[in-house]
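**Q** In case you want the letters, here they are:
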Amino acid sequence: MVLAVAILMGVSMAGQAPSPRPQVPGSEPKAPWKDATAGFAHVFPRDHASHPDYKIEWWYYTGNVKTTSGRRFGYQITFFRVGIDPAPANPSKWAIRDLYMTHLAVSDPSGRRYRYAEKLSRGGPGLAGARTDRYEVWNDRWMANLDGSRHLLRASSPQAAIELTLDEGKAPIIHGVNGISQKGALAGNASHYYSLTRMPTRGSITVDGERFEVTGDSWMDHEFGTSFLEEGQRGWDWLSMQLSDGRELMLYQLRRDDGSVDPRSSGTLVGADGKTRHFDVTAFTLTPGQASFKSKNGAVYPLEWSIAIPSEQLDLKVTTPLADQELSLERSTGVAYWEGMIDVGGTAAGRPITGSGYLEMTGYFGSLGRVLSGQ
Amino acid sequence: MRLFTQFILRPLAADKMRTATTILGVALGIAVVVAIQLTNASSIRGFETALETVAGKTAVEVVGTGGLDEDTLPSLNWLREYGVASPVIEGNAALVIGDLETLSRRDMEAVRVLGVDILRDMPFRDYQLLDVGQDRDTAVETAAPRGTAPPAPAPVPNVTTQQFLEILTDERSVVISEKLATRRGLVIGSQLRMMFGDRVNSYVIRGLLKNEGPARVLDGNFVLMDIAAAQLAFDRLGRIDRLDVLLTAGADVQGTLAAITARLPPELTAQPPSRRGQQVETMLAAFHANLTALSWIALIVGLFLVYNTVTISVVARRQEIGTLRALGLTRLKVLFLFLGEAAALAVAGIGVGLGLARLLADAAVAMTSATVSTIYIATAAAPPDLDWGHVWLATAMGLPLSLLAAAVPALEASQVQPTAAMRGNDTLDMRVRLRPAMLMAPLTVLALAFGLTQLGPVNGRPLYGYLSAFAIVIGTGLLVPAIMYGLARVSREALRRRLGVEGLLAHANLTSAIPRLSISVAALSVSLSMMVAIAIMIGSFRDTVVYWVGQTLQADLFVGPGIRPTVGQEPTLSPTVIEAVRRHPRVTAIDSFRNVDLVYEGKLTVLGAGTFSVVLDHGAVLFKSPANARDRVREAIGQDGVIISEAFSHKFGKREGDTLTLPTPKGLHGFQVAAVYYDYSNDRGVVIMDAGTFRRYYGDLAPSGLAAFLTPGSDPELVRMEILATLDEGHRAFIFSNWSLREEVLRVFDSTFAITYALELIAIVVAMLGVAGTLLALVLERRRELSLLRLTGANQDQVRKMVIIEAALIGAVSQGIGLVMGFALSMVLIYVINVQSFGWTIQFHMPTWFLIQASIAVVIATAVAGIYPARRAAQLVLSHEE
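Chains as they are written, first to last, in the working numbering: chain V, 1 to 375; chain H, 1 to 882.
In isolation and in its complexed conformation, chain V is listed as follows (with noise of 0.2 Å):
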């Protein structure tokens, strides 16, 4: 859900002062973007495309990939689209309605190597964009679009490149309670969240120029919304994973300020039907073990993870094959988190399981405090 991102680019884009610009007295400004409220229903592929109207939107793929010799690798891409003024009073092209910010990474264990790479551009005369009349996502060169039913990823920077085309695979799931993820205490603090949770997936990954061709799973998150996080909410600890006897399980843990747990957090497990089943605070828990990556930038993220999910009879073990995963990109936006592979390893009702997926860690690094005032 790389919430981190988003929040910390809308947020403080929406604290910039007002022009200077005369306002008509006695006329409110109207709530520029659209909350995200109860009751949204999805259609596909419909809901792929962009939804300018909401502030906040962002389309994420994770996979698990190897060569056919057994070599493993991890990707991600995320296409952000951050709403800044959605109607600016300067007529010329280059006015800032969006965002766009897309990072790239690539993982490779067995090489030690994760290498990354960030793109933040304004639309401006079709340099950046996202389509409303069907899926297609652009950054620069950068690309996620739909071909048919497939999704075609095209990044290339020189540390890491991917050329990847992803089938849907299992149908979209809707994350959350009635067509929204509720994130704050506030009504409008949600989102809409879909993902689709196994992409079968292939084509190339290129590390430092070192192209390889290979096949495996993908997870897509698209989300949007206007107003997420609160204040007291630090960060957050995200996973998902594909697990070995066909489900799939997406969890979140918001962290407060004083390290608590906050009652939003909550969770989605995918039955090999497609059926899902919702997790809030109470079902589950999800505790830091002891290994750890301690950052350049002085952050530390915790590297083992215990998963419970006591309904289910579901015991998991979270551990990573690269310690470094950290994308840092201090210099263009000031965002550091943590986004990598993972393996999982543990029990569902007694029977080993196994699986792999990605784990995010955002708040680690700085604090959200600044930004989320402003709200």
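Rather than coming from a laboratory, the hints here were simulated on the basis of the structure.
Each residue gets a CB set at the ideal place from its N, CA and C atoms; glycine is no exception.
Do not rely on the hints blindly, as some may be mistaken.
Said to hold, decoys possible - Only some residues are given here: those of chain V computed to face chain H with a beta carbon under 8 Å:
#  : residue
1  : Ile84
2  : Ala89
3  : Pro91
4  : Ser92
5  : Lys93
6  : Ile96
7  : Ser121
8  : Gly126
9  : Leu127
10 : Arg141
11 : Ser332
12 : Thr333
13 : Gly334
What the hints assert, rightly or not - Taking lysine-lysine pairs in the BS3-like style, the calculated list, with each CA pair at most 30 Å apart, reads:
#  : chain 1 : residue 1 : chain 2 : residue 2
14 : H       : Lys57     : H       : Lys210
15 : V       : Lys93     : H       : Lys666
16 : H       : Lys57     : H       : Lys179
17 : V       : Lys296    : H       : Lys210
18 : H       : Lys603    : H       : Lys624
19 : V       : Lys93     : H       : Lys57
Given chain V, put chain H in place with the hints provided.
**A** The following block gives chain H in isolation, referenced to the frame of chain V:
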């Protein structure tokens, strides 16, 4: 060496007046040449420094006529393969300082505005944000009053690109240089008013930049905006000025440039940023070349003085030379002795000249910067400092030329026969007796001068024209002794009758001194002839322009933005102002025009759009060819026809019927030339197309000016005031009435040639110094005769009068020769040099009254130059009884 000290330096030191005049003459010559170098450099340097400062790390830029259509940018995405591309809007705005009501062009300070997408542009230029104004509300309240220094801003080391973007996002946000903020007492949160074209906008300062990178441009007058805000401010929505490209580290610039060029559509050009500097340099080349040529006149006159001095020195010391030769001094050593004298004079002259150059350069820059910025480019009006290059230039020019000038007399000294010279019966008269051979050389040179005028330009420069002028100068100079002998024969009686015995004596003295005097007279004639030539040329030119202005300035009012257009910057009029003019009840028709820079065959020219029908109906263009130009132009409307200026026609060898292939945003396209018209406002060359044609190819660009026609009987001044009164405070236009624009045109014209007269005046001053020096030498030499005169009853007044008559006669003769030579030179200037450098047709016009006045002034001035020698002559007799 001791001999040199005793034989050369001591006499030089003793004869202070003559030595000083010679050194001053050389010094002025050197100073003028170096000063013009400095001045020429300053106009280009200002542009190039600004260009480099803003270009930052940009290796390649992509440009097009009238900028690039922003919608083509996605199709240029492949530039990614070579590096990062950043779209740029750049231009000049005026910082509005005082009260808007009383605003004039003087109350505005030029600032360079750069509009970029900071997300892309960050690696291109060295932006160092000092303060991003976290707490803006407080900043507004604590804004320091004007004139007081704001508290030193604290550097913000870790500003992210996104934070940088945040402070620029709003269309009224700017970031300015710390230097500008300090100078103007501005802080973060302060309001800043800037004028773009005819629009005055208010901005809020959101951040300060350390004086690094682009913030150093124009001494810190730098304003950074978001590209969207800049497009809006400059009225360039839909376009960008250029695309800067930062190549991938280690890329081969030339190779990449070629690769990019090969993939670009033909209407776009990839070039190194310095190319724009070179284009401006080329554009100014003709203007600079003429100034340089003019500056050499002063130097040549200075060198005449060296020749003069060494000659006098040789003449005066023939006996001593004879003695030295008899004592065993070799001819070579004699030669070196006198060359040494020239070298000593030259070195001293160069030293003084370099010192003077800087002073003259300041004056010259002040005189030319108005021209350069009015006609060509906005420039920083300060000449560069003298460097070793200039010292080298002065030495490399001054020393060899001085030695060359001294070579003739020095060689002659080395030829002195010891015995004859010691006996004293070896005289100089032999050298200058009128012989046919004396006429042969100058006549050959003059014939050559005529031949040279028939040759075409070399690389667009009137090289043979300059040579021809030079040949006229040399030929006439060589002819001077013959002319003087001739005059001496016919003028004796006249002088006796008019001026009595003093006149007769003066005639006798001058006649006997012709060998020595010829040099001074030649020098003075040369500088006077240049004055005459330039007076004729400028007079003719001005007359032509007055006629042209009368024919072409037909509209009653001319409306322009508050900012002058310069290369790459075309300020525009906004619809509000155009409407205000159109709506006025007395306005019957308006013709709007728009100019963009056009690079044609690698040269900067101008592409303009005008309304052909209005132009034809109101006769606002003077056509040169063909005869039925008006019909041809009417046919050209809607047919992609263009008209070209005489300068363009001349520069590129195009004429009616030819086709020009011009880059348009829609690709290369051919336009047929319908007619050639006269245009004295611009020597770059102009192509004009009908507004409709222009719009079809280049899009709907806001006009850069308009001409309005009023109902008959309207008072233009009143209409002007009424239109100005309807403009709100966000708009400022400059409106000229027909009459005031004509005045303005002639004011610009006259200021353009102010430097020409100034340079000429210096040459004349140098020549006058020569006359005074020569007369003084003659006086000193004639001590015995003068004493004899006094003994035989002449009083002081008579002696004084005689010398002053001599001086005035020299002036009269010189001016007479100068008038004839000047007439010849003016022909070369008007029909060869001007045509070849600028492509202008100038109608010949003799400024008779001016020439009569000037001639009288010259005779009086030379008489004045004779006063000091005359007084010395009168005193000498009393103090040196021999």
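**Q** Now look at each hint and say whether the structure bears it out.
**A** Right, here's what the structure says about each hint:
1. Ile84: holds (7 Å)
2. Ala89: holds (6 Å)
3. Pro91: Nearest chain H Cβ about 6 Å off; hint holds.
4. Ser92: Result: holds, 4 Å to nearest chain H Cβ.
5. Lys93: holds (6 Å)
6. Ile96: Because about 5 Å separates isoleucine 96(V) from the closest Cβ in chain H, which is inside the 8 Å limit, the hint holds.
7. Ser121: holds (6 Å)
8. Gly126: holds (4 Å)
9. Leu127: Since chain H brings a Cβ to about 7 Å from leucine 127(V), closer than 8 Å, the hint holds.
10. Arg141: Interface hint status for arginine 141(V): holds (6 Å vs cutoff 8 Å).
11. Ser332: With a minimum Cβ separation of about 4 Å from chain H (threshold 8 Å), the hint on serine 332(V) holds.
12. Thr333: Constraint on threonine 333(V) satisfied, holds at 5 Å.
13. Gly334: holds (4 Å)
14. Lys57(H) - Lys210(H): Holds: lysine 57(H) and lysine 210(H) sit about 18 Å apart, inside 30 Å.
15. Lys93(V) - Lys666(H): holds (21 Å)
16. Lys57(H) - Lys179(H): holds (22 Å)
17. Lys296(V) - Lys210(H): The hint holds at about 29 Å.
18. Lys603(H) - Lys624(H): Holds - the C-alpha atoms of lysine 624(H) and lysine 603(H) are around 23 Å apart, at most 30 Å.
19. Lys93(V) - Lys57(H): holds (26 Å)
Against the hints set out earlier in the document, no violation occurs for any number.
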